[in-house]
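Visitor: Those sequence lines, one after another, are chains A and B.
Quick note: the first sequence, position 91, residue 118 per our numbering, numbers continuous.
Quick note: the second sequence, position 15, residue 855 per our numbering, numbers continuous.
There are no misleading hints in this set.
Pairs of lysine-lysine, DSBU-like flavour, derived with a Cα cap of 35 Å:
#1 B:LYS887 x A:LYS166
#2 A:LYS357 x A:LYS177
#3 B:LYS849 x A:LYS281
#4 A:LYS329 x A:LYS56
#5 A:LYS232 x A:LYS274
#6 A:LYS368 x A:LYS161
#7 A:LYS232 x B:LYS895
#8 B:LYS887 x A:LYS372
#9 A:LYS56 x A:LYS129
#10 B:LYS895 x A:LYS149
#11 A:LYS89 x A:LYS343
#12 A:LYS357 x A:LYS56
#13 A:LYS29 x B:LYS878
#14 A:LYS281 x B:LYS895
Here chain A is said to cover these stretches of chain B; the calculated rule only asks that three of the stretch's residues, wherever they fall, bring their Cβ under 8 Å from a Cβ of chain A:
#15 851-864
#16 879-890
Calculated Cβ distances over 10 Å to all of chain A for the following chain B residues:
#17 GLN842
#18 ASN844
#19 ARG847
#20 GLY848
#21 PHE871
#22 GLN876
#23 GLU897
Source of the hints: derived by calculation from the structure; they are not laboratory data.
Predicted model only: the values in this text are computed from it and were never measured.
Each residue gets a CB set at the ideal place from its N, CA and C atoms; glycine is no exception.
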Amino acid sequence: MKDLVKSEYDVIVVGCGPAGTSTAKECAKRGLSVLALDRNLEIGTPVRCGEGLSSNSVKTLKLDLPQSAIAQTIKGAVVYAPNGRRIKLSFKGTDGYVLERKMFDKWLAMEASRAGATVIAKSNVYDVIMENGKACGVKANIVGEDMTIKSKIVVAADGVESVIARKAGLRSAKNPMFVDSGFQYEMAGIDLENPHMIILYFGAKIAPRGYIWIFPKGKDAANVGIGIGGMLGGVNTAKKYLDAWIKTMPGLMKGSIIEVNGGCIPVGNFMKSMVSDGCLGVGDSVNQVNPIHGGGIAESIKASRIAADVLAKAVKSGNVSAAGLEEYNKRWWEERGDSLKNVEKVREMFEKMSDEEMNDLAEVLSGEDLVDLAHGKNFAKLAKIYAKYKMKGIKRKIGL
Amino acid sequence: MQVNVERGKCISCFGCVSVCPVMALEEKERFPECDQKKCTGCSVCVKFCPAGALKLEGKR
Chain A
28 MKDLVKSEYD
38 VIVVGCGPAG
48 TSTAKECAKR
58 GLSVLALDRN
68 LEIGTPVRCG
78 EGLSSNSVKT
88 LKLDLPQSAI
98 AQTIKGAVVY
108 APNGRRIKLS
118 FKGTDGYVLE
128 RKMFDKWLAM
138 EASRAGATVI
148 AKSNVYDVIM
158 ENGKACGVKA
168 NIVGEDMTIK
178 SKIVVAADGV
188 ESVIARKAGL
198 RSAKNPMFVD
208 SGFQYEMAGI
218 DLENPHMIIL
228 YFGAKIAPRG
238 YIWIFPKGKD
248 AANVGIGIGG
258 MLGGVNTAKK
268 YLDAWIKTMP
278 GLMKGSIIEV
288 NGGCIPVGNF
298 MKSMVSDGCL
308 GVGDSVNQVN
318 PIHGGGIAES
328 IKASRIAADV
338 LAKAVKSGNV
348 SAAGLEEYNK
358 RWWEERGDSL
368 KNVEKVREMF
378 EKMSDEEMND
388 LAEVLSGEDL
398 VDLAHGKNFA
408 KLAKIYAKYK
418 MKGIKRKIGL
Chain B
841 MQVNVERGKC
851 ISCFGCVSVC
861 PVMALEEKER
871 FPECDQKKCT
881 GCSVCVKFCP
891 AGALKLEGKR
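With the rest of the complex left out, here is chain A:
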């Protein structure tokens, strides 16, 4: 279906996850001509996500979620410390959704299309056209037909692999110290503690440098997944850890596996520059993910709106060099980067904790504090808690 595609656009977006389609939509709304390409047969598949999205994000982003994109509404979370201590988080700010990403991503693609962007599935972009170090188009296979398409700017929204960003000279490979290795089953016919609560399990034995999650997708169905430190695999893979843990859970052992997925989750290492000459990165490709919970949907949609403002200006002024796109870095760091950097610090603190220390923390921490921690908020209060937690450790060591 080459005929749907023109030979030149203002913006070509590579990848049609939430980052790509949101950028496409926002650019089209600002009057730019946009082509968005996805390599998969069907936009929204394969899923590589726990599928959670908070109500806060939905509200802030003014997303008019269709019913079909919501698998389950969530009222809060239960967190299990390594010693089994249970912290319940159920109050304003912990509610949200477990999405049906296949429907959510398709809905976003439809929205982009309605705004005037051309979105095409099964279109693998295998090269970026570079002229004098500037990205100025792509070579792609559009539903089976090879095409060269020019553009003023290429948007790298190709996810964590970031092959496009790398080909356009925007970044190097992911630093393996700042990625987690994830593995997930979508299970059905299982027993859930509460089908409207997400559940998280911590502990170095079950999930080193990470955690296990249960995100309900119905009264007896859920995403059951694990994220562990990226360089711990090899022999003990994420799958092995998850399988070993599920074996200990009779409520899960009676169920079925209706989908298997997984992947690489960026957890920090935010980039000073997410642009190069003629290229701009959005979403996982440039690590725009909350480094504690690993959620990237809200971050990529937020970034897409900043990106579209900057892209519209750059196209209008004719300056699409890295300097012309620099405002994107500046605004992203002001609006997102600085607070995500704080979250990264909290993450680093967590990573260094032993199970015993984590148990101590669970004792002094309320549910509200935990939510603040995950969003890098309320640091003054958290400092007090930290002191209390340290005290606990000292008391434990001296046997009080």
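Model the placement of chain B on the given structure of chain A, informed by the hints.
Guide: Same frame as chain A, but now just chain B:
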């Protein structure tokens, strides 16, 4: 050096592509494939793979 992909275990998440420092791994027909000429045998992908589907073969 060559990284072999055991397709029976691979979940096509392309995490290996993400962490490969030299872009030796690329998606081909929905599975990762390793370009022997580029692979340096650093084994980052093997350690990373959530499903244990990768094996490093050949001598440095």
